[in-house]
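The hints should help you fit chain B onto chain A, whose structure is shown.
Residue numbers (the numbering used here), protein chains in the order written: chain A, 1 to 174; chain B, 1 to 582.
Keep in mind that a hint or two might mislead.
In silico SDA-like cross-links for lysine to any residue, where the CA-CA straight-line distance does not exceed 20 Å [unchecked claim]:
id: 1; chain 1: A; residue 1: LYS67; chain 2: B; residue 2: VAL319
id: 2; chain 1: A; residue 1: LYS17; chain 2: B; residue 2: TYR189
id: 3; chain 1: B; residue 1: LYS442; chain 2: B; residue 2: PRO389
id: 4; chain 1: B; residue 1: LYS316; chain 2: A; residue 2: VAL60
Every beta carbon over 10 Å from chain A, so not counted as near; a handful from chain B, in silico [stated by the list, open to error]:
id: 5; residue: ALA93
id: 6; residue: ALA112
id: 7; residue: MET129
id: 8; residue: LEU137
id: 9; residue: ARG205
id: 10; residue: PRO311
id: 11; residue: SER315
id: 12; residue: ARG353
id: 13; residue: SER373
id: 14; residue: GLY421
id: 15; residue: GLY423
id: 16; residue: PRO440
id: 17; residue: SER496
Worth flagging that the hints you see were computed from the coordinates, not collected in a lab.
Using N, Cα and C, we set each Cβ at its ideal position, and we do this for glycine too.
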Amino acid sequence: MATSLNTHVLSVLVQNKPGVLARIAGLISRRGYNIESLAVGPTESPEMSRITLQVNVEDVVLEQIIKQLKIVELEDSAIRRELVLVKVKATAETRGQLIEIIGLFGAKAVDLTSEVITVEATGSPAKLAALLELFEPYGIRELVQSGLVALGRGNRSLTDRNQRTERLKAVRTG
Amino acid sequence: MSDNDTADELTGAQSLVRSLERVGAEVVFGIPGGAILPAYDPLFDSEKVRHILVRHEQGAGHAAEGYAMVTGKVGVCMATSGPGATNLVTPIADAHMDSVPIVAITGQVASAAIGTDAFQEADIRGITMPITKHSYLITKPADIAPAIASAFHIAGTGRPGPVLVDIAKDALQAKTRFEWPRQLDLPGYRPVTRPHAKQMREAGRLIAESRRPVLYVGGGVVKARAWSELKELAELTGIPVITTLMARGVFPDSHPQNMGMPGMHGTVAAVGALQRSDLLIALGTRFDDRVTGQLSTFAPLAKVIHADIDPAEISKNRVADVPIVGDCKEVISELISLLRPTERRPKIDDWSRYLQDLKRRYPTGYDEPEDGSLSPQHVIKRIGEITGPDAYYAAGVGQHQMWAAHYLPWELPGRWLNSGGLGTMGYCVPAAMGAKVGQPDKIVWGIDGDGCFQMTNQELVTCALEGIPIKIAVINNQSLGMVRQWQTLFYQGRYSNTDLKTNRIPDFGKLAEAMGCVGLRAEEPADVDAVIEKANSINDVPVVVEFVVHKDAMVWPMVAAGTSNDDIKVARDMAPAWDEDL
Numbered sequence: 001m002a003t004s005l006n007t008h009v010l011s012v013l014v015q016n017k018p019g020v021l022a023r024i025a026g027l028i029s030r031r032g033y034n035i036e037s038l039a040v041g042p043t044e045s046p047e048m049s050r051i052t053l054q055v056n057v058e059d060v061v062l063e064q065i066i067k068q069l070k071i072v073e074l075e076d077s078a079i080r081r082e083l084v085l086v087k088v089k090a091t092a093e094t095r096g097q098l099i100e101i102i103g104l105f106g107a108k109a110v111d112l113t114s115e116v117i118t119v120e121a122t123g124s125p126a127k128l129a130a131l132l133e134l135f136e137p138y139g140i141r142e143l144v145q146s147g148l149v150a151l152g153r154g155n156r157s158l159t160d161r162n163q164r165t166e167r168l169k170a171v172r173t174g
Numbered sequence: 001m002s003d004n005d006t007a008d009e010l011t012g013a014q015s016l017v018r019s020l021e022r023v024g025a026e027v028v029f030g031i032p033g034g035a036i037l038p039a040y041d042p043l044f045d046s047e048k049v050r051h052i053l054v055r056h057e058q059g060a061g062h063a064a065e066g067y068a069m070v071t072g073k074v075g076v077c078m079a080t081s082g083p084g085a086t087n088l089v090t091p092i093a094d095a096h097m098d099s100v101p102i103v104a105i106t107g108q109v110a111s112a113a114i115g116t117d118a119f120q121e122a123d124i125r126g127i128t129m130p131i132t133k134h135s136y137l138i139t140k141p142a143d144i145a146p147a148i149a150s151a152f153h154i155a156g157t158g159r160p161g162p163v164l165v166d167i168a169k170d171a172l173q174a175k176t177r178f179e180w181p182r183q184l185d186l187p188g189y190r191p192v193t194r195p196h197a198k199q200m201r202e203a204g205r206l207i208a209e210s211r212r213p214v215l216y217v218g219g220g221v222v223k224a225r226a227w228s229e230l231k232e233l234a235e236l237t238g239i240p241v242i243t244t245l246m247a248r249g250v251f252p253d254s255h256p257q258n259m260g261m262p263g264m265h266g267t268v269a270a271v272g273a274l275q276r277s278d279l280l281i282a283l284g285t286r287f288d289d290r291v292t293g294q295l296s297t298f299a300p301l302a303k304v305i306h307a308d309i310d311p312a313e314i315s316k317n318r319v320a321d322v323p324i325v326g327d328c329k330e331v332i333s334e335l336i337s338l339l340r341p342t343e344r345r346p347k348i349d350d351w352s353r354y355l356q357d358l359k360r361r362y363p364t365g366y367d368e369p370e371d372g373s374l375s376p377q378h379v380i381k382r383i384g385e386i387t388g389p390d391a392y393y394a395a396g397v398g399q400h401q402m403w404a405a406h407y408l409p410w411e412l413p414g415r416w417l418n419s420g421g422l423g424t425m426g427y428c429v430p431a432a433m434g435a436k437v438g439q440p441d442k443i444v445w446g447i448d449g450d451g452c453f454q455m456t457n458q459e460l461v462t463c464a465l466e467g468i469p470i471k472i473a474v475i476n477n478q479s480l481g482m483v484r485q486w487q488t489l490f491y492q493g494r495y496s497n498t499d500l501k502t503n504r505i506p507d508f509g510k511l512a513e514a515m516g517c518v519g520l521r522a523e524e525p526a527d528v529d530a531v532i533e534k535a536n537s538i539n540d541v542p543v544v545v546e547f548v549v550h551k552d553a554m555v556w557p558m559v560a561a562g563t564s565n566d567d568i569k570v571a572r573d574m575a576p577a578w579d580e581d582l
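Next up, chain A with everything else stripped away, as it sits in the complex (with noise of 0.2 Å):
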């Protein structure tokens, strides 16, 4: 049995209702697995929510995950967004220099005093990893993640997808 430990990201259409955020977690807790990145939000219809999961679990055990609910794997080619809020220590000397990589990164300072500029950046992980670590040399004082979000590309939409098979589904009780 294959035992390989892969980072996934899976997307979730749930009803927008209180106590299913904590089940969807359940199914990866339970496992004794972590979730390394979490983001929940409405969608289009406002009785759903998306809630996308980053997590790394064995292949075997994430099959057994998306069989549980109606998830979905995203492709490696779907679009991953982050935002990052940081704030980096700036001096007179070096303030020049991190607006000139907040502008190369296509990143805005959002926030200025004397002693820290307040960076908000957007992009893929790998984006904000470099930027990160390009900051990092000033002094990083305090860091905000969001989770991970990310759509598949092309013209499939899961939400209208799922919609239109659920209301067919209504169970009628006679």
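Then chain B, alone, in the frame of chain A:
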């Protein structure tokens, strides 16, 4: 129901009781308390729903399970918030492991008090989340009817399981309009029952080509009520059958093709069949570790066809070569039509002969104790022989459970109730109670241990007062027998805390009488038949029969935990002689 039950103004509690009537719930096992109190008022008046007042909520839960097992309907238990609800945790977990359809209704503190550590508050929905198929927390009275309708549907369809409906007290008290939902709003829930045609054809091809196939049959076949289809398939093809602990009786033990139960305490023929098979046809079974032993050496030569209604079970423990998601009744019917042409039937004469020989050489048996004391196996065997296969039998957990699985007359389906997955000591008495409520005209025997019995015997009070005349055999070996057996085998006979001293206390006869039951006792082989017949002749009150048995009796065969099925022992340090000329 009449049509005027839409748009009536009533309380949430009335709506709950009307919903229970509407789904056809005939019996509720429960105990009232503060938060659920409003529900008990209209329940008092219901002519359709009988409430059975138990003595402990755990008893309510197991009774709901017992009722569900013998009726095929959804069992219902009810409890108040906090401790009432947490006492239901064990039976809910039990129902989850053994796929028993129950709905647990709990009162919750008023919605404004939720999350404030209010008196008798427990987040029972959070507590039971990993052990329920689904759960609801209801804070609005209008949501009660749809939640009950959905809960019963979810509990009883697909892979059955427990559903919790937690209702805030103010939702029970507030006024609402009763509206029975025309449709259930369950996005994402649609169990697949019809197997995929392509996979079925592949399964048919593998079976036709196999030379050493085995029908590895689990509790899912009982749940699907597919015993007649199973018999037809087995007799059409001649393929040997093994029935797991949860499936005892789904295929008659007297049938020559039945090789018995597999697993840690399985028969040599069943374990040998799995280990030497070239094709496992796994139906409604989940390759439990107690069946497979060490997974890497389980059925090493076999391809696997795995049919289950729950897609998450397939390839969970053993990778399936042919995965089939579907209801076992439909899967087996499909297999029958695929294998009907003569040329599609596998050629298995050598294989059948080999297994018949194993079965003949290694029947499950036991030695009578040399000191003239009672052998527990003999007692259990006699209960079955005297009472017959049409009775219902419940068991606790431990040695007596394994002996019951081997020595009772498993000829009819759905007669066997036990806690297979969770292994809940204390399951027997309340499950037998629920079974008797569901099948009032049949004899219900509980085969219990002296350890198990002391966990939940208080439900005999319920049985005595409510007119539920079950019969409980307490197989008293004065110890926690299965644990003691492991201490004998793996802990050099150091009997740490397994001596229950039940030879001194309690006096089971007096205890039985104190609870309004008849208490009987047998100590010698000569007494056994007489007390069983006496117990069977009493049909107005519950009976407790204490059988004082030898405490060193052990369950054989045995595959030690974590070892390979190939290392099965038929007695201490005695391995079967496999005839390898196959």
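Status of the stated non-contact between GLY421/B and chain A (beta carbon gap over 10 Å) = Given that every Cβ of chain A is farther than 10 Å from that of GLY421/B, nearest at about 15 Å, it holds.
Closest CB of chain A to the CB of LEU137/B still more than 10 Å away | violated (7 Å)
May I ask you to check that ALA112/B keeps its beta-carbon over 10 Å from the closest beta-carbon of chain A?
-> ALA112/B is indeed farther than 10 Å from all Cβ atoms of chain A, at 16 Å.
In terms of Cβ atoms, is chain A entirely out of 10 Å range of MET129/B?
-> The claim breaks: MET129/B does not keep its Cβ more than 10 Å from every Cβ of chain A (closest is about 6 Å).
When you look at the beta carbon of SER373/B, is every beta carbon of chain A farther off than 10 Å?
-> holds (46 Å)
Non-interface claim for ALA93/B: all C-beta distances to chain A beyond 10 Å?
-> Non-interface label stands for ALA93/B: nearest chain A Cβ at 13 Å, farther than 10 Å.
Reported absence of PRO311/B from the contact zone with chain A (all CB gaps over 10 Å) = violated (4 Å)
Given the hinted pair LYS67/A and VAL319/B, is their alpha-carbon gap at most 20 Å?
-> holds (14 Å)
Per the stated criterion, does the least C-beta distance between ARG353/B and chain A lie above 10 Å, as a non-interface residue requires?
-> Consistent with the label, ARG353/B stays out of reach of chain A, its closest Cβ about 34 Å off (over 10 Å).
Is the Cα-Cα distance between LYS17/A and TYR189/B 20 Å or less?
-> holds (16 Å)
Distance rule for PRO440/B, whose beta carbon must clear each one in chain A by more than 10 Å | Holds, because the least Cβ-Cβ distance between PRO440/B and chain A comes to about 29 Å, which exceeds 10 Å.
Test the statement that GLY423/B is away from the interface with chain A: the closest C-beta pair must be farther apart than 10 Å.
-> About 19 Å separates GLY423/B from the closest Cβ of chain A, which puts it past 10 Å; holds.
Violated hints, listed in ascending order, are 7, 8, 10 and 11; each of the other numbered hints is respected by the structure.
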